[in-house]
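For this one, chain U is given, so just place chains S, X, H and Y on it according to the hints.
Protein chains in written order, with my numbering: chain U, 1 to 325; chain S, 1 to 325; chain X, 1 to 325; chain H, 1 to 325; chain Y, 1 to 325.
Wrong hints could be hidden among the right ones.
Since the list gives no way to pick out one identical chain from another, each pair is judged satisfied if it fits inside one copy or across any two copies.
[Stated by the list, open to error] Quick list of in silico lysine to aspartate or glutamate cross-link-like pairs, DMTMM-like style, CA-CA up to 25 Å:
{"#": "1", "residue 1": "LYS73", "residue 2": "GLU47"}
{"#": "2", "residue 1": "LYS73", "residue 2": "ASP264"}
{"#": "3", "residue 1": "LYS73", "residue 2": "GLU50"}
{"#": "4", "residue 1": "LYS267", "residue 2": "ASP56"}
{"#": "5", "residue 1": "LYS73", "residue 2": "GLU118"}
I should point out that these hints are in silico values taken from the structure, not numbers from a laboratory.
Treat the numbers as computed from the prediction; the structure is a model and nothing was measured.
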Amino acid sequence: MIVDSAVYRAGTRVPLDVETADLAAMRARCGAGEFVWVGMHAPTSDELEEVAAAFDLHPLAVEDAVSAHQRPKLERYDETLFLVLKTLWYVDAEDAVETGEICLFVGPDFVISVRHGEGGALRQARVDLEARQAVLAHGPSAVVYAVCDQVVDGYEQVAAALVEDVDEVELSVFSEDRTNDSPRIYVLKRELSEMRRAVHPLRDPLGRFANGTVHGIDRDAAPYFRDVTDHLSRTSETVDELDGLLSTAFDAHLARISLQQNEDMRKISAGAALIVVPTLIAGVYGMNFDHMPELHWQFGYLWALLLMVGTSAGLLWFFKKSGWL
Amino acid sequence: MIVDSAVYRAGTRVPLDVETADLAAMRARCGAGEFVWVGMHAPTSDELEEVAAAFDLHPLAVEDAVSAHQRPKLERYDETLFLVLKTLWYVDAEDAVETGEICLFVGPDFVISVRHGEGGALRQARVDLEARQAVLAHGPSAVVYAVCDQVVDGYEQVAAALVEDVDEVELSVFSEDRTNDSPRIYVLKRELSEMRRAVHPLRDPLGRFANGTVHGIDRDAAPYFRDVTDHLSRTSETVDELDGLLSTAFDAHLARISLQQNEDMRKISAGAALIVVPTLIAGVYGMNFDHMPELHWQFGYLWALLLMVGTSAGLLWFFKKSGWL
Amino acid sequence: MIVDSAVYRAGTRVPLDVETADLAAMRARCGAGEFVWVGMHAPTSDELEEVAAAFDLHPLAVEDAVSAHQRPKLERYDETLFLVLKTLWYVDAEDAVETGEICLFVGPDFVISVRHGEGGALRQARVDLEARQAVLAHGPSAVVYAVCDQVVDGYEQVAAALVEDVDEVELSVFSEDRTNDSPRIYVLKRELSEMRRAVHPLRDPLGRFANGTVHGIDRDAAPYFRDVTDHLSRTSETVDELDGLLSTAFDAHLARISLQQNEDMRKISAGAALIVVPTLIAGVYGMNFDHMPELHWQFGYLWALLLMVGTSAGLLWFFKKSGWL
Amino acid sequence: MIVDSAVYRAGTRVPLDVETADLAAMRARCGAGEFVWVGMHAPTSDELEEVAAAFDLHPLAVEDAVSAHQRPKLERYDETLFLVLKTLWYVDAEDAVETGEICLFVGPDFVISVRHGEGGALRQARVDLEARQAVLAHGPSAVVYAVCDQVVDGYEQVAAALVEDVDEVELSVFSEDRTNDSPRIYVLKRELSEMRRAVHPLRDPLGRFANGTVHGIDRDAAPYFRDVTDHLSRTSETVDELDGLLSTAFDAHLARISLQQNEDMRKISAGAALIVVPTLIAGVYGMNFDHMPELHWQFGYLWALLLMVGTSAGLLWFFKKSGWL
Amino acid sequence: MIVDSAVYRAGTRVPLDVETADLAAMRARCGAGEFVWVGMHAPTSDELEEVAAAFDLHPLAVEDAVSAHQRPKLERYDETLFLVLKTLWYVDAEDAVETGEICLFVGPDFVISVRHGEGGALRQARVDLEARQAVLAHGPSAVVYAVCDQVVDGYEQVAAALVEDVDEVELSVFSEDRTNDSPRIYVLKRELSEMRRAVHPLRDPLGRFANGTVHGIDRDAAPYFRDVTDHLSRTSETVDELDGLLSTAFDAHLARISLQQNEDMRKISAGAALIVVPTLIAGVYGMNFDHMPELHWQFGYLWALLLMVGTSAGLLWFFKKSGWL
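Bound conformation, chain U alone (with noise of 0.2 Å):
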C-alpha cells in the first residue's frame, strides 16, 4: 500500500495534479534539483513490482524488500542506493520487544521507503521534515537521515525500556524473597540479542555515510550521520552492558539459591533436634526397668516434660548463639 507520495522541490513539497500512485508520471515531471519520496506499508508484490518498473529497481533489492526478515545492509545497484534497517519498538503490555523492517532504495531523484510491520511509522518523520525546509533542501539524503534517525531513536527508546527491566530483574534478585529470576534472565537475554541483530550490522554503512565516503549521499550530511552514529554506538554499548549484568545478575541468584537452601538446611535440621531430642527422652522413660526412680517420684511426669522443654530451650539458644540461625 502507498501510503503518501509526494514531489519535493528546495526542501518544499510540490503541489501536484497529477494521481499520486501514477508514479511514472511524477518522477517524469521532476526536474533538476526535484526528487520525488515514495512510502510504501507492507507493500503486495504486484504494487511492489509496479514501482519498481517506474523506477528502474534492481529485482534481486525488489526481492528482498518483499519479503521481510533481511539483515540490515547497504548495497549499490549502479546508481541506487539499497539499504534495509530493522525497526524496534517495545510492547508495554507483554514488556516484548517487536520487530519490523524498512527498506529504502535512494536514487538521485527518487526515496522508496517500504515498511514491514507495526511499528516504526514513517508519517512523523515526513512532517518532522517538511517542518525543517533546510535540511530537506539536501534532497534524498535528507530522508535517509530522518529514517534512520527515527529508527536509532527507537532503538534507544527500546533500549531504556530494556534498562527498566533489568532493573527489575536486579531488585528481584537481590530481594529476600524465594523468585524464580531465571525465565525472565532468559527473555531480556533473547531480547538483548534480537536487539543487537538489528543494532550491530547498522553501524558500518551508518559510519560509512558519517565519513562521507558513500556516492549518492551528500557529504555536507556528514555531521548529521555522525550524531546518529553517535547514538547507534550508545545504544549498542548499552545492549552489550546489559548483557553482561544479566549474566552476572543470574550469576548472584544461582548464588542465592545456594545461600537459601544452606540456610533451609540449617532451619530444617535445627527443628529436627527440637523434637528428637524429647522423642529420646520419653523413649528412655518408656523402658521397661523394674528400677527407675522417676517413674515413681509424685511429679515424675512433668519433670519429663519440663526436661523435655528445657533441653528443646537450651538447644534452640545454643543454635542462635552460634550462629547456626
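Chains S, X, H and Y only, in chain U's frame:
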C-alpha cells in the same frame, strides 16, 4: 558415477551426438563461449582420474575431491578454480544434522561438480538453471552461483529446523516437569558446532565472489553472489545466536534443578515434621510414670489422637502461611 | 552558569575592562596569539546559545553539550574541535561511583568548557595552569591537556578506591563467616562497567593527541598527552583486572557456599546419629518381652543410660577420627 | 647422533666415496643444483657444533636446536632459514599425548634436520621422498615440505585419537552410571592445550610457505604447502571444537550430578517415609492409656501390622503416581 | 643511590681518574664510540635530578622513573629512548610473586638504569656483559639487550615456579582428601594476572627491537632481541595456559564438592536406615496388645535383637549391591 554431463551454449543445452561419458570428445567439440558441466556423485578414484585427464585437473585438487572430509575452501591452480563446500541436511526421523560435500572444478570452458553424501543433490539446481537462459548464459559462473545458492539454501533450512529444536528445548527447560535437558542441549550444541564448520570458512570465498575480485568468476554475477553471501551471514548469525541461547538455557536448566531441589527439600522436611511430631506425642504417652492423669481419662486415647492430628494440621497451616511450602 | 572567563596572552591572564559575561566583546579584543577560556557549569540552553553565537559553535555540538549523557568522543566541526569526557568521582559515604561530563569546544583562539554534574570542578585545573606560564603559553592545547589530565587523575582515584573495595570483598569471601557477598560483587561489577564506559572510548582521542595527528592540538604537547594516555591505559588495565578478579572471587564464593553446605550436612548427620542411636536403645528396652534379663537388673536403668552415652561417645570419636567432622 | 646424511642431485641420492660423517668434505663436493641433507637425532652440543661449523650456522639458532622446548617458529639468519616444529604422538598405553621437536636449518645447498624426543622419526619421510624423484628435484624445499607434511600428519593422528577420547567421555557423561568424569575431562583439556601450543604458532610459517613469499622456499612448491596448511587448519579447528565440546560435556556432567542428587534425595525421603510412618503407628499402640479398644482385640496385633504395611504401600503408590519417584 | 657507573670503549671498561659520582665530567670525557653506563637503585628525586641534568633527560621521563608503578613501555624523547620494564621474582617462603621496576634511559653515548624494588639486581648482568667484549662493543644497545634478557629470564623463572604451584593445585584438586582449593586458585590467578601486566605490554617494544626498526638500537642486535622476544612469547603463552588450566581445575574442584556431597548424602541416609529400621522393630515389640505371641516366647528378646541385626545387615548388603554405597 557421472550423473549428467552436457555442453551449454548461450544458456541452452546443446544436443550432442557423442557419448555423454566421452568427456574428452565432449570438451573438444566445445567452441568459444560454450562450456561443459559434468556432474558426478561419489566417484571412484578411477572415474575421477579419467575426468581429471580430460580437463587437466591438478593432482592435489583431485586427491581432495576423492577423499571427502575437506574444509570449505577456494583454491586456484593455474586457470582452474577449486571450490569445496559442505552440504548440510536435517534428518527429521533422528533430529540430526548430516553432512556431505560438493567440490567444484571451474575452468573457462568447464565445470566439474563432485558430490559426496546422500543429501544436496544438484539435479534440481541444473533443471532450474536450464530454465533461466539469461542467467545460464553467464557460463561457468552461473553454475557456481546455482550450486552455492542451493547449498546455502540448505543451510538456511537446517538453521530453521534447529531454531525449532531450540524452541522445544526452551519449552522443556521452563516447563514444570522434571526433565533432563542437558543431553539434548549437548547434542544441539554439537550440531551447531558442525554447522559452524561448514558455514564460517565459506564466508571468505563467497565474499570474494561478491566483490568480483576472483579471476574466472564473472564480475556481472557479483550482485547474485552478494545475495548468497547475505543469506550465509544470516545463517551464521542464527547459529551464533542459537549457541548463545542454548548456553543461557543450560544455565536456566541448572538453576531450575537447584530451585527444585530446594523446594523438594522443604516439602520433605515439612512431611517429616507431620510424622515426627505425632511420634513424639505417642512417645510421651508411652512413658511409664505412675502418675500420668491423661492415661486414666475416659477419652484419653481419643485426646491423644486428636492432639496428634491437631499439631500436624497446625504445622501444615504454619508452613503454608510462612511461605515454606 | 559561566563560572569564569578570561583572556590569556603568552601564558598569563590579561586583565580586562569588559564585563566577563560579554563574550563577543571579549573575543573581539582577543589579538593574535591570545585566546579566551570560558568555563561554564550546568548551563541552561539559553546561556549556551549565547556562547555558541559569540564563538560560531555548530548547533549539533551545542545540542550535545546541553543534554549530558553523551559518550566520550572527539569531533571536528570546521575549525572547531568538540571533545566530550566523562568525569568520575567516588562518594565514600555510599561506596558509590558517580559520573558527570565535561564538553570542550576548542578553536584557534578560544576554549569553552561545559561541565555537568557535581564532581570534576575545573577551578583547580585553571589555577594550576595559570601558575605554569610555560605550559599555558601553548594556547588552547594547554587547556585541553590540563582538563584531560585532571579527568584521568580522577579516574585513577576512583580505580584506587575500587581496588580497596575489591580487597574488602576478597577478605570477606575467604573469611570463615557466613557472608553473602554476591550483592557487593554485583554492585562493584556494575561500577566497573560504568567506569569502562568512561575510560575506553577516550583512548582513541587521547591516543591521537599523543601522536600529534589532530589538527588544532599543538604537536609540541604530544609528550604531555602521551603521559595522560599512559595513565588512562593503566586505569583501563586496572579496571579489566578487577573485573576478572571479581569473577574469580564470585566463583570462590560459590565454592565456599557449597563446601559449607557439605560441612553443615555432615555436622547435622553426626548430630542426628548422636540422638537416634540412644533412641534405638531406649526403644529396645521399651519392648514388652516377658523374658528380658536386663530389665530386672538392680542397675539396669543405669546400664541403659551408660550404654546410650557410651555409643554416642564412640560415634563421636569415630566421626572425628575418620575425618567426617 | 647423525642418523643419515646424503647428497642429492636432480632428485636422486648421489653415491659418495667420502665418510658420511665428514660433512665439510661432503658439502665441498656439492655442485650446483645439488644439496646435502643431514639428519640428526638428539645430538650433543659438540656434535651440533661440528655441523654448525661445516655449514656456517648462526650460534643463536644452534643454541635453540640443542635445548629442546622451543616454540614453533620460522627465523632467517642471512641465507639460512631456521624452522622449529613440535612433534606430537599419542601413547595408547597411557592415553597420553607426548611431544618432541624438529629443528630444520635450510640453506641453498643443505638441509639439517635435528630431532628431539622418541616420536616423529624422519626415516620414513626420507625413504618416501627418495621414491618421488620429481618432488625431491625441487631441492631443500622438498625436504621442508616432506618434514612439515609428516609432522602435520602426526597432528591429525593425535587429533583423531583425542576425538575418540572425547567420544568416550561423552558416553560416560550421559550414561546412567555414577561416574566422576572431571579428572578425565581435565586431562583431555590439558592435552588439547598442549596441542594448541604446537599447532597455532605453525600456521604463520606454513601460510607464508603456501603464499610463496619466503625467500629460499621454491615458489613452485606453494600448492604442496597449501595442502599442508589446509590439514593444519583442519586440525586446529578440531582442537578448538573438542575444547568447546569438553566444556559443554563438563557442564552436562555437573548438571547430571545435581540431578542425581535431587533424585537420590527424593528416594531417600521416600524410603524414610516408609519406615517412619509405621514407627508412628507402633508408637501409638505403645501408649499406655487405660482405654484403648484395639489393644484388646483378638487380632489387634495383626491389625497393627497390616495398618503399617498398608500405609507404607499407600505411600509408595502415591509417590510413584505423583512423579516423586 | 648510584650503584656503579663506568665508561666503556670498544667493549671494555675504561679506567677513570674522575669521581664515579661526577657524571657530567664522566660524560664530557666520553669520546666517539664510547658510552657511560650509570646504574642506580631506588634513587631519591634529587639524585635523579642530578643525573637528568648531566644527560639532558626529559622531565616527564624523569618523573616516571622516580615514582615506580609505571606500565612497561617504550618512549622516545628526541634522541633519548625511555624504556620501562617490570621485574618479577618469586619468594619461596611465601609462595608469592613480587614486582619491581627497571627504567632505562638510552642515548647515543649513555645508558642510565634506574631500578626499584628488592629483586632484579643488574650487578650480574653488568659482570656478564663486561666478560663478553664482542657483545658489549655494540654500545648502549648491548646494555639494553643484557637488561631485557635478564628481566625476561626472571619471568621464565617465575613462570616455572607457578607451573609447579599449579601442579600442586591439580594434585590437591584430584586427591581424595576434602580440601578447599579455591583460595589457592584465587591467589594463583591473581599472580598470573599481575604477571600478565608485566609481560604483555613488553611484547610491542621488544618486537620492535627485534625488527630493527627502533632508531637508536643497533640493527645488528636484532637476532639477539628476537631471542628475547621468543622467550617472552613462551612465557606469555605459559601464563595464558596456566590461567586456562586453573579455570578448569576450579571447575573440577566444584564438581568434586558436588560429587562428595552426593556421596556423603548417600552414606548418611544408609547409616540412618541402619538405625531407623531396628527402631521400628523395637517400636513394634513395644506395643501393648494383649495378644502378641512373640512377647511370650522363651527367646523372644533374642529373636527381636537378631531380627534387628538381620534387617540391618540385609540393608547394608542391598546398598552395596545396588551401587548406592
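Comparing the hints with the structure gives:
1. Taking CA atoms no more than 25 Å apart as the test, LYS73 paired with GLU47 passes inside one copy only; the shortest distance there is 23 Å, against 41 Å between copies.
2. Proximity of LYS73 to ASP264 under the C-alpha cut-off of 25 Å is found in neither arrangement, the shortest distances being 54 Å within a copy and 51 Å between copies.
3. When the C-alpha separation of LYS73 and GLU50 is checked against a cutoff of 25 Å, the pair qualifies only within one copy, where the shortest distance is 24 Å, while the shortest distance between copies is 41 Å.
4. Taking the closest pair of Cα atoms, LYS267 and ASP56 never come within 25 Å of each other, the shortest separation being 77 Å inside a single copy and 71 Å across copies.
5. Only within a single protomer do LYS73 and GLU118 lie at most 25 Å apart by alpha-carbon distance; the minimum there is 21 Å, versus 35 Å between protomers.
Hint check: violations occur at hints 2 and 4; the rest are consistent with the structure.
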